Structure formats: C-alpha cells, structure tokens
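Chains as they are written, first to last, in my numbering: chain Z, 1 to 499; chain C, 1001 to 1126; chain U, 2001 to 2492; chain G, 3001 to 3493.
Heads up, a few of these hints could be off.
Said to hold, decoys possible - Calculated lysine-lysine pairs in the BS3-like style (CA-CA distance at most 25 Å, straight line): (1) C:Lys1106 / Z:Lys310; (2) Z:Lys306 / C:Lys1033; (3) G:Lys3359 / U:Lys2450; (4) G:Lys3106 / G:Lys3162; (5) Z:Lys366 / C:Lys1033; (6) Z:Lys366 / Z:Lys306; (7) C:Lys1033 / Z:Lys104; (8) Z:Lys306 / U:Lys2151; (9) G:Lys3359 / G:Lys3370; (10) G:Lys3027 / U:Lys2450; (11) C:Lys1033 / Z:Lys310; (12) G:Lys3162 / U:Lys2295; (13) Z:Lys366 / C:Lys1029.
Quick caveat, the hints were computed from the structure, so don't treat them as lab data.
Only a predicted model underlies this, so the values are computations on that prediction, with no experimental measurement involved.
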Amino acid sequence: MSFVQNFPCFSIVLCMVAGILSTPMKGKQAKNLTLVVVTLVALMSIATLGYVIGTGESYTYMMGRFPAPWGNEIRVGILEALTATVFALVMLFSLLGGMDHVFKDINESKINLYFILVDLLLSSLLAIIYTNDLFTGYVFVEINTIAACGMIMIRESGRSLIAATRYMVMSLIGSGLFLISLAMLYDITGHLLMEDAHEAMIRLTQSGQYEIPLLVIISLLTVGLAIKSGLYPFHSWMPDAYGYSTISSSSILSSLVSKSYIILLIKIFYRVIGFDTIITSKIVNVLFVFGLIGMIMGSVSAIMAKDIYKMIAYSSVAQIGYVYMGIGLATEAGMAAAIFHILTHAITKSLLFLSAKGLNDASGRKRVYPALQGAAFRNPLAGAAFAVGSLSMVGIPMLAGFISKILFATSALGSDPKKVLPTLIVLSVSTILNAVYFLHTVVRIYTPVGEPGEFKGVRIHMAVGAAAALFCLIALNFVLGLYSQPITDLIQQGIQMFA
Amino acid sequence: MGPNLWVNVEEIAAVILFGVGFTTLLLHKNMIKKIIGLNIMDTAVYLFLAAMGYIDGRVAPILVNGNTDVNLYINPIPSGLVLTGIVVSVSVTALMLSLTIRLYRKYRSLDIDEILIRMQREELKK
Amino acid sequence: MSSVWLIIPVVLPILGGALLSLLRLPDKKRNLFLEILVLVNSAIAIACICNRPTEELILFQLTGNLDFALRLDGLGSVFACLVAILWPLATLYAFEYMRHEERTTSFFVFYTMTYGVTMGIALAENLVTMYLFYELLTLVSVYLVMHPMTKKAIRASRTYLYYSIGGAAFAFISLIFIIVLGNTTDFTYGGVLNLVKIGGNTQIMLFVYLMAFWGFGVKAAVFPFQGWLPKASVAPTPVTALLHAVAVVKSGAFAVMRLTYYCFGADFIRGTWAHFLVMSIAMISIIYGSTMAVKETHFKRRLAFSTISNLSYILLGVTMMSPLGLLAGLSHLVFHAIMKIGSFFSAGAVLHQSHKEYVDELDGIAYRMPVVFTAFTVCGLSLIGIPGFAGFISKWNIAAAAMEAGRDIPYAYAAVGVLLYSALMTAVYILTAAVRAWFPDQGSDADALKGVQDPNWEMKLPLILFMVTVIVLGLGSEPLMEILRTVAEGSF
Amino acid sequence: MTVAYLLGAAILLPILAGFLLLFTQGKWKNRTVKCLFLFLVFVITTIFSVKLMLVGDYQFPLWKLTDTLEVLVRMDHLTRLFLGMTVAAWTLGGVFAFEYMKHEQKEDRYFGFYLIVLGVLIALDHAGNLVTLYLFFELMTLTSLPLVLHNLSHEAVMAGLKYLFYSVAGAFAALFGIFYLYSHGAGSMFAEGGYLADISYTGSQGMTLLVLFLMILGFGTKAGMFPMHGWLPTAHPVAPAPASAVLSGIITKSGVLAIIRVVFYTAGADYLRGTWVQYAWMTLTLITVFMGSMMAYKEQVLKKRLAYSTVSQVSYILFGLSLLNVSGIVGALSHFVFHSVVKNCLFLCAGAVIYKTGKTMVKDLKGIGKEMPITMWCFTLVSVTLVGIPPTSGFVSKWYLATGSLETGMTGYAWAGPIILLLSAMLTAGYLLPVSILAFFPGHQYDYEQVQKREPNLLMLVPMGLFTIAAVVFGIFPGTFMNYLQKIAMTVL
C-alpha cells in the first residue's frame, strides 16, 4: 500500500485536529493554522489525484479495524481526488481573498471560532466527497450544515441570523428527507457501504422486488439533496445566506457547500442505486425540468435583484439549475458536463464574490448598483476579476464557462431527442439573461462617474493575499477555458470508475 | 395488506411521526415549535431504524455468557446508527436553540414572520 | 509564407492596444505610433493574402476535435483585405475627429484591438474560432459605443451588448450541432454536415440554421434584431463608420456567409422552408431599414437605418443559396463597406466641423464643405445604385442572383422588387440630404453655417480616397469581380 | 480605333468643359469670353458628332464594368436621328441661354451642368445594350436635376425632387426588366428586330411580357406617359426657359429612345404584337394624349401649358410606336423630330417673353405681339405646326400616325386612335392659338400708345428663327426625310 493512499484520510483527520487545536488559539494563530492546513490538504489532494491517475483505478481505504461490509470505508477515485483538489484550492483562495473582511466583520473573540468552523467544513466536505458509507455521508452532511450555518451566523447581524435560521430550517428538512431515505434504503438492501448496497440493489431490481419503496427512496433522496443544494424552487434561503455573511463564507458556501451535496447525489446515483435504475425511475426528468426552470427563474430573479451580492446569489440558483439540467439529461456526457460545471462554477463564483467585495469596498461599502458606478477604476484588480468572472458565466470562449456550455450542449444532442431543443433554447435564453445582469454590472462598474462624486480619489489596493487569490482564480478560469481537455478526460474516467 | 400493516406497525408509526415532524418544521412559524418538529422528525427516523434492526425473540447485542452465536442477537448496526443519529440531532437542536436565543434577544420574538417584519423595520430606520 | 504569419494580424493590434494603454504617450506620438502599427499590420495582412499560406495554424486545442485555429481562404481573404485597407484610413480620420474628445487613449486602445479581433473573424478556420472572435468583437467594441459616456451612450452600449451576446447565444446552438453532426468543424465550401448522422432530423437542422441565421444576423442587424444599430450611432463617428459600417456589421454578414456556405451548405437549405424564411427576413429588413431611413431626420441615424437595409442586401444575396448569390453578397460586402464608410465619414465631418446633426440643418452646407459633400454625394449615389458607381455593380449582382434563383423558386423574384423599392427609398433619403446641401432653398438661413469649412487633410484624405474608389470600382470592377467569382465558387 | 477616340472626345469634351465651369464658378471675369468658350465647345461637339454620324454603322465595347457587364456603343440610324436632334437643340438652346441667363443667378453652374448633360446624352444616344442605356439614363436624370431646380426657390427644389423621384422610380421599374432579361440570356446588345424570339432566350413568356411592360412604363416616365406623368408639368416650368426647352424637347425624348431600343431592338415588334402589352401601352398613350391636352387647355400659366402640351405630344410618339407597324413608326419618329423642334421653339419664345417682360400668365400676354412681333410670329408659326394644319410638319406626322392606327386593324383601337388624335389636335389648337390671337389682336381696350418695342437681341432671335424655319421646311418638303424614316422603320421591324 502506497503512502499516498493515506492522504485522503489524513486530510480529513488533519482538518478535524486543526479545528480542535484552534480552540484555545488567538484569531491570528488560528488563521495561520487553517491556511497551512488548507494548503496541505490541497497538496495532498493533488498528490492523491496524481496517484490515482497513475494507477488508473480507484481504491478503498478502510477506516478503523472492521473490514467491509461492517466497517467504515473511504473510497478514492479520480473524480473524488479531482473534486477534493479543486475544493481545497477554492477554499484556500476564498479564505485568502476575504481574509481582511473576516477580521473586520467578526467579533475579535470569535475569530478563532470562525476558523474552527472552516476546518470542520473542509473536513466534512472532504468526507462527503470521499466516503464510501452512506450513513457517514449523512453524518458529515449534518456537520457540513452545522459548520456552514455557523459561518453564516458568526457575523451576528440580524440579517445573518435570520439567514442562518432559514438556511438551517431548509437544510434540516433536506437532511431529514435524506436520512429517512437512507433508513429505507438500508431497510431494503441491508447495507450501508456503497458497493454492497449496490450489489443488493442489482439483485432487487433484477428480481423486481420493492419497486415502489425503491421509487420512494430515490425520490426522497433526490429531493432531500436537491433542497440542500438549493435547486429551484428550494432556493429561498440562498440570497440572504450568501448576501449577508462575511465574504469568505459567501464564497465558500456558494461555490463548495451546495456543490458537495450534488457530488454526493451523483455518487449515490452511480455507486448505490445504479444509473440505469435512475433513468428508468424518471426522476431525472423531474430534475431536468426543475433544472431548466431554475436556469431561467434564477436569472430572472438576478435581473430583478437590487444589490450585487443578491444578484450573484441568484445567479447561483441559475447555475445550480444548469448542473441539475446536466444530470437530468441522463447521459454520461451530461453527467460529465454537470461535474465540469460544478468545478467551473466553484472557481467562477468565488471569483465573483471576492471581486464584488472588492468593488463594494471601493464604493463605501454600498451594495446597490448606483454606488458601484466606476468602481472598477477605483479598484482595478477587482474590476478585472469581476469582468473575467462575468464573462465566464456568460460563456465567452477562452473562459471556463464556455466549455461548460459546450459540454452541456453537446451532451444534450446525445440525449433523449425530446430534450434536445428545450435544453439548447433554454441554454441560449439563459445565456442572454446572464449577459443582461452580469454585463450590465460590468458596464456599470466601468462607467466613470461623471462629476467628481463622493468617491473621488478613492483607490483601493487589495491585500497581497486577496490579490493573489484573485489572480489565481482568474488563471484557473483561463486554464479551464483553454486546456479543458485533460480535465474533461479525467471526469470521464472518474465517472467510469464509479461504475 | 392487513397482516402486513400489523407486522410493520412501528414503521408505519415512524412514517406518520416523520410526517408530523416534517410539517411542523416546515410550516410552523414559532421557532421552538419548529425545533420540536425537528426532533419529532429525527425521532421518527430512529424509531424506524430501531424497528428495522429488531428481530423478534432475540436480545440486545450485548455478549451474554460469551455466547457469540449471531442468531441470538438482534442486528446491532441500526442501534449504532440511532446512537450516532441522536448525537447529530442533539447538536443540531442545540445549534437551532442557540440561534433562537440570539434571535429572541435581538428581536424579542419567536415568531419567524414577526422577526422578519421587525428586521425590515429596523433596516428601514437605518 | 508560413502560416505562423497569420497570427500577427490578429495579435499585433491587440498587443499594440494593450501596450498603448500602458505607455501613456502624448497625443502626437501616440497617433504616429498607432498609424504605423496599423499600417504595418495591414501590410502584413495583405502580404499574407498575396502569398497565401495554405496550411492551418492551431492556437489552442480546446477539446478533442475543437481547436482555435487560423487559416486564410478565399472568403476570409476578401474580408481581411477589406478590413486591412479601410482600417488605416479610418484611424487617420479618427485622429482628427477625436482631437477634442476626452479619454482618447482608451478609445484608441479599444479601437486598435478591434482591428485584431476583426482580423480574427476573417482568418478563423472553424466555427469555434469564429465564435470566439465574434464574442470578443462584441466586448472590445462595446467600450467604443459607450465612449461618450453620456446616459444615452451607455444605454446604447448596453442594448448593443445584449443584442450581440443574445445573438451569439443562439448561434451557439448551431455551433453545437455542427460539432456533433458535422464531418469536421473546419469551414469547408459546400458545408460539413454529415447527412448520415442527421438522418431524419433535417427539420431540426433547418430550425437550427434559422436560429443561427438570426443569431449571427443580430450583428448584421436583421429584422427584428436591428434595434441596436440606430441607437449605437451615438458613438463617435469613426466608430459608427468603421464598426457599424464595416467591422461589426460586416462580421455578422460574413459569419452568415460562413454559416450558410461553409457549414450547412447551400444545397442543404435551398428550397426548404428555412430558405423561404431567411429570404423573407432579409427582405423585411431591407424594407424596414430603407423606409425608416426616409422617416429619420437625424443624419447619422438615417445612415444607420440605411446600413440596416444594405446589410440585408448582402444577406439577401447570401440567401439565394447559389455561388452567384455568394458573389452578390461578397461584392456588396466590399462595396457597401467603402461607400457607407465614406458617407458616415462625411456625416462625421459635418458633425465635427459644424455640430449639425439633423438633415434639415444642412441647407447649403455643401458650399462650405465642398470636398466632404462631393464625397457624400458620390457615396450616396453609389448607395442608391446609380450605374457608374460601385453600388450598381453589387446590386446588379444581387438581382442577377435573385433572377437566377427565381427560375426554381419564383419567390426570389420578389427579392428584385424589394431591391428596387429599397433603391427608390435610398434615393429619397440620400438625395433629399444631398439636394438640400447643394441646392438650399432661397429662404434658408445662410448665417447658420458661418465659419464652417472643410476639415483638415487627415479627414479629407480618407474621404477622397473612398470617393475615388467608389467611382473607379463603379466604372471598372472586372478584375475584382473575377476574383470574387472564384471565391464564391469556392475555388480560390 | 479612331472612332472610339472620336466618340470619347465627343462625350468627354462637354463633360470636362462642364466640370471646368463648375470648378471655376464665379471666376470668369469676362462674360463674352465665357460665352465664346461655351460656343466653341458646342461647335466642336457638334462637329465631332457629325463626324461620328458620317463614319457609318459601328458597334464596339467601350470598357467592361464587371466581368459580365460591358459598356457597348452603337451607331445606327436611330442614333444618328437622336444624336443630330440633341446636338442641334442643345447648341441653339445654349446660344439662347447666353442672353437669357443674364437675368438668372449662378449661370456658371447652369452652363456647367448643361454641358455635362450634353455629354451624357451623346453617350445615351450611343448606348448599344440595355446596361449602357440604363447607365446613361440614370446619369442623365441626375445631371439634369440641377437644371430643373436652378433658381432654388422652394417650389423649384420641390419640383426637382419630384422630378428625381419619379425618374428614379421609373428607371428602377425598367431596371427590373433589365435584370430579368439579362439573367435569361438576353440583353447582350441591341439588334434590329429584337431577339427575344430566339431560342437562346430562356425567360417565360408571361414574365417577359410583364417585364417588357414594366420597362415601357419605367422609361415612359421620362416621356411623361400616364400614370407616371405627374412630375413633368411641375418640373419643366420651374426651370429656366432654355432648360425647359431642352427638357421638353430632348430629355423627354430619351425616354422615347429607350422605349424604341427596348421594343424594337430587344423584344422585337413581333414579340409584342397582339399581346396585352400592346393594348395596355396603347391605352395608356391615348389616355395621356387626351388628358395632356385637356390639362393644357385648362392651364393658365404659359410655361405650364406648354409642359402639359409636352405630356400630350410625347405620347403621340409613343402611340405611334405602340402601333408596331411601319406607318406608326414613321409617324412617331417624324413627330419626335417635329415636336422637338416645335417645343424647343415654343419654350424659347415663352422664355423670351419672360426675359423681356416677366409675364408668365396667358392673360397677361395681351398685345405682346405688337411689342415682340418676331418672337410671337415664331410662336404662332410653330403653334400652327404643332396643331397639325396642313402643310406643316405636324400634319405629316399625324397623318402617318392615323394611317398606322388604321392599318393595325385592331378592333376599336384602329378607330379610337385617329379620333383621339383629332380631338387632341383640336384641343391643341384650343390652347395654343388663343395665345397668338391674344398677342396679335388684343382687342379694342388695348392702349396702342403704350406699345414699346421689346424685341430681344439676335442671340435669342436666331435660335428661335432657326427652329421655326426648320419646322416649316420639314412640313413643306417632308419627302426625303420621310423616306429616310421609312427606311429606319423597315429595318427595325
């Protein structure tokens, strides 16, 4: 057994330990520790990814002393390692990008608490990605929820408290549904480990037993996770949660947390229930329809939104719609597109949130559009970053968003003929809507203020870390946009490893 | 159907309870009631799990007299799951309660609609 | 010539523009720098066209069969050559025009970048690359529209942005279909569709073609997506002239040509319902544009409406779905560029020298600005299609193509009728302006134009050159037509 | 290729001279020198033209517009006829203008465009195929526009625009036909007798007839044919008198030339004979003839009256053509020549009156014959010619027209034609002769004491006199000329 194989486990544990260690620390120390840990996790994930690509096959890693089918396992394949890598990197950049705001927004005595939550969140994200055990998945989903909720409410403003409450209630409903579906799944299969459950599932489907309970399970499971990831119409908590927490939290929440549930869902689809069963159950069609509606309605809400964060938050609703639409296409290519979009969205949305904050700083912390006029001149880097992020979201070639769009569209062509035109047309319409709100904002921030206004002479220089984070995210966007082939290949291989 | 219904009485109770809890959590305005709903929902799942793990005529999976015959004991895993679940639900409940307390301190209300109204009023004042 | 050279016309202006934004040169030096840059770039571009490298140049590999690649073929050469010739002149004109404006450096940065991007469209080897440059064109040119930074300009730029991006979004659908259902994504004369793969989905493909026609057509201002063009005429004249008469709108028309003849293939579309529909769209746009132009009294907006109708002339030629149609489209692409840039520059010169914006303020101005108005009159007559001027040749070609198509599809005869109707309207909106300028009513106020005179040589030189070209091409365009014919038959 | 150079010189000399004049507006200090220069240009152009007419028939491409379109020139009898008429009328009109334009502003511009139009017309007369015809037709419209709106009054500018838009619209209707014919293998060059009946022509008959009708209608706009006649009564009177003269006398005839080229040299008379096109065309011309004379009869402004008269008279010509037989063509061609001469003269006379007295209304002309006897004698003589009282030239042409009409044997039309011609002749008498009567017999209220001689000088009298003599001489000795026309008519059928 290679030493690298331990890394996933290490990284999960490392995060937890770091969380515990941070408890007595001061804010600054906790911050440094967290940054180191996140970096380490990123490095380890890269190493794992390299290892998995090298061997070309996935491996399971036994947690504790009991072997399957009783013990607990994690499983590492290309997709898991890739997701973990991107998540850790985005986490790192988000933290760096919003670091000064963390210290500004949060009561000094609670800063270490924030980093504890970050550590916990990362560990739970990694666990959700890697786990091979359904119930472990559930437990970490809850931990994830708690940590995320903490990250929202730690700012302790009225808005963030309410946002946290709403978020919590919706999440709990989701996880309740998820839990009951797991319980039922366990009931009919008798297993919690994914492989074993899958084998039992194959036997069940072949014998034709438990058809209705199976349908109920799939529905509950999907609905539960869809609620948690904020699929339209379960998105009501998103704008407030993203709009009123400290910027690192917004960035992390929107790019990672909601996506981790989707990853889990895809994993369960493939590894437990079996993709063919999912297709025959028609649940994908439901996802498809809601995905399409989400793509449009999210964008429409974003157009109506009056402040920039809410706009970005609503855009997330639309983007999650894209992902579910990809899943709903019910083809491997569609799934690959969805996963690619998860990555694209992770790097782009964090870029947007961070740069929006930069622009907001340059406009006297006002978040409404009129105040943002000319902000790009007062904070050039943030302006450029916002422009790149927007263009990527709109799907301008050379940027990551374009590749997702191409992948979605090409996979649509390979799917059910009835879905081809709706997908393509909604894709186009949604692109236009995206253009309407994103490019409107871009034009706005690049419009000079006519007469010397209140921000005359204001020029924001971003902190080194934040600037570096923005640079890296921009670079990642271009990398995904120009050299997407390796990544899409990896995703394809990863999906094949699932099966 | 009849006999099956009787055999699965616990599961049926669990599902009904789940529904009750779910509805309460989703629809009730009062924070405390929401939390109660949450707990009912979780408990329903535990009941479900425990009922599944129970096998008539067997004993709890605690070694008695060093007898390791598998057929003597009920399935231990659901019990383990229930325990884990309880821990999770306790922590979630705690978090919810703490949130409620903070909200109450700030807005002097437990009604979520009321809280929203007050918050908006407050923001307008600024 | 090695195909590596192809990258230069595309990248040099973009880099040059970027460099300019860093250098912050004083105006005079900047102008010199820019003019040299643009001239060198044009020279390289024309050298490339003369010694055509045959192989492609791959810039990036996107995914499996998708790459960003450049190649120079006949159609691209025509467009590239047109752009390469017009840009230095337009830049020269812009120096003088922009002298009294603010933020000139950033203006010229984007202006120059647009050159590179337009070249990119001309040189793109496949649909993906063209799509890339098409989107980039929107982005770099949107600043130029909003440059005056007035509320109106910003609103116009936003409209322009939405329309263009929206159009591209629909064109994107065709891109996908070509990728999936084509033999290759590279432009190939006669189309790349794989009929086996399409199977029974011909109707869907036609629908997709229609969407793409509209999508790319947005830039060419086809009905009902023409709204942005008149609004965008708030931009400084060099922009309106060059972009909205040459670069941007012609890119749209060029893209439609690529789409029709090099992706879907004219044979695939000929005679189908989609064919009828696109023809009708072009006709409606022509009628709409020329009628609105008559109604409009704002000088530049009138020309913008005229552009709408003239662009659809090109598209009308293209929609004849025959080599003759492509020839017609191409010749009007070239000629319209020259005459419209000439007339816009005249309008700009009027605006610049006298601040007159409306047609009814032009009484007698021709005697104050004889050079400008001679140029305007010549270009205008050419627009009408008076024989002896370039416009007649291209209209002749369009009509000939329509007549040829009319043998199988009698509907195409209507195109000729539309053409003539529009020519009449063109006569009305051009000549009312020209007659006013040359032959003012006796009662008109002569003092209103006191002190107005011809602009300096930087503005006059391009105008004179355009005027001469219009006449020369109108009287003898045999060599040009021979080249265009070979291009249109796909054998260049 | 000396003919080509000669032709080029004949076309370019007036055009270049015109441009020279335009560019040196207001810089000619000595008016006499300018007039001499102009006269020289007229004379040299005339000499060139006459030399060209004597070279004999020729036909060659001048240059190529595109790889498929070429500019073709052609000299045949028709060209000679039109060319000769054009040059003569232009020179005389020019000489008249030397004096007349003294009281107008910006005469340099007038003469500049006057010369340019001359060059264009020479080229138009030479047109050897449809594209060339169309090319110079459009150029003629544009370059003659400044003549119409010369005095820049609001009325004149509006009239100019009306002229322009009618002409352009008509030309475009014709262009449609040209497009059609070209794309179906016709249109390469004119040929006597037409060639649409040839096998190489691929157009369908129904469509071809339609486009031919459109072409007749379109080119007929220039000739003031109903329903596209509206511009003519507006545009001709507002121009300076010498311009009105050539507009009415020559430029309207270029529409006739174009129609002849289309009908007899492209389509062929046989192709049209008996089709609906012939009937429709004939009907239109008859309507125009009648309506034009009615309007003229009602009109009180002298120049407008003359303009309406033009509407009616030019349609005589078109009517003759529409008969599609020898007599009709002979009648048409002779009427073309006679009407040109007469109408030029009439407008010049009217111009002379305006120049000397400023009177424009018919009722103001009382007794003018006592003040300007020579002018009014000219006026009267040519009026009589136009009415068609034997033995004047007008009679000859109308005789042929009537014979031609009867020869066709078309039910109804064969008789309707002569009747309407007769009616119109009576109306013509009704609107022209009262002017003379009023001028010479002012009635007893007229105060003979007040009479002062206001005869214009020779520059005006000579052109008028020459036109009058021509009109009378043609009428008295039509023989050779008519034979010549007969020859032309035989070849084109």
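Hint check results:
no. : hint                  : result
1   : C:Lys1106 / Z:Lys310  : 24 Å, holds
2   : Z:Lys306 / C:Lys1033  : 34 Å, violated
3   : G:Lys3359 / U:Lys2450 : 37 Å, violated
4   : G:Lys3106 / G:Lys3162 : 22 Å, holds
5   : Z:Lys366 / C:Lys1033  : 37 Å, violated
6   : Z:Lys366 / Z:Lys306   : 11 Å, holds
7   : C:Lys1033 / Z:Lys104  : 35 Å, violated
8   : Z:Lys306 / U:Lys2151  : 20 Å, holds
9   : G:Lys3359 / G:Lys3370 : 15 Å, holds
10  : G:Lys3027 / U:Lys2450 : 22 Å, holds
11  : C:Lys1033 / Z:Lys310  : 30 Å, violated
12  : G:Lys3162 / U:Lys2295 : 17 Å, holds
13  : Z:Lys366 / C:Lys1029  : 32 Å, violated
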